[in-house]
Amino acid sequence: MPKTITIKKSVYDELKGFKKENESFSDLLDRLVKSQSKKEILTSLRGSTEFEDKEKLLKEIEKKRWEKRN
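Take any residue in the sequence shown, note its place counting from 1, add 1, and you have its number in this note's numbering.
Simulated from the structure, these hints should not be mistaken for laboratory data. On a predicted model such as this, the values are computed, not experimentally measured, just so you know. Careful, some of the hints might be misleading.
Pairwise CB distance ranges (calculated) [to be verified]: (1) Lys21 with Glu63: 38 to 44 Å; (2) Asn71 with Phe26: 26 to 32 Å; (3) Leu30 with Glu68: 17 to 23 Å; (4) Asp54 with Thr7: 17 to 23 Å; (5) Leu59 with Leu16: 41 to 47 Å; (6) Tyr13 with Glu51: 21 to 27 Å; (7) Glu68 with Ser11: 28 to 34 Å; (8) Leu59 with Lys17: 20 to 26 Å; (9) Gln37 with Pro3: 19 to 25 Å; (10) Lys39 with Ser11: 31 to 37 Å; (11) Asp31 with Lys55: 28 to 34 Å; (12) Asn71 with Ser27: 36 to 42 Å; (13) Glu41 with Lys69: 19 to 25 Å.
Distance condition first, Cα-Cα at most 25 Å in a straight line; then the derived BS3-like pairs of lysine-lysine [what the hints assert, rightly or not]: (14) Lys39 with Lys69; (15) Lys65 with Lys40; (16) Lys55 with Lys39; (17) Lys55 with Lys21; (18) Lys20 with Lys35; (19) Lys4 with Lys21; (20) Lys39 with Lys4; (21) Lys39 with Lys20; (22) Lys4 with Lys35; (23) Lys55 with Lys35; (24) Lys60 with Lys40; (25) Lys57 with Lys35; (26) Lys9 with Lys20; (27) Lys40 with Lys55; (28) Lys65 with Lys55; (29) Lys21 with Lys10; (30) Lys35 with Lys60; (31) Lys35 with Lys10; (32) Lys35 with Lys17.
Note that CB positions come from ideal geometry on N, CA and C, so glycine has one too.
Please work from the sequences and hints to get the whole structure.
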């Protein structure tokens with residue numbers, strides 16, 4: 002099901018430069034996301050989000066990691 006997203010004109014223009022001929026923006030975004038490892042994506046997003054309770058978040062992450070390992 003299609004979804005509508007809103008991006009700044011400057012981001013649109015930059016993405017348009019990456020788009021191949023006859024490639025849709027959906028295909029472009031899919032290609033860009035798949036071209037990076039999840040670690041690279043997370044690293045590129047570092048600092049773009051503020052957390053109210055960082056310590057609580059880190060404890061939850063650690064808890065989930067231990068749950069997956071056991």
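Exercise. Tell me, in ascending order, the numbers of any earlier hints that this structure violates.
Key: 2, 3, 4, 5, 7, 8, 10, 17, 23, 25, 30
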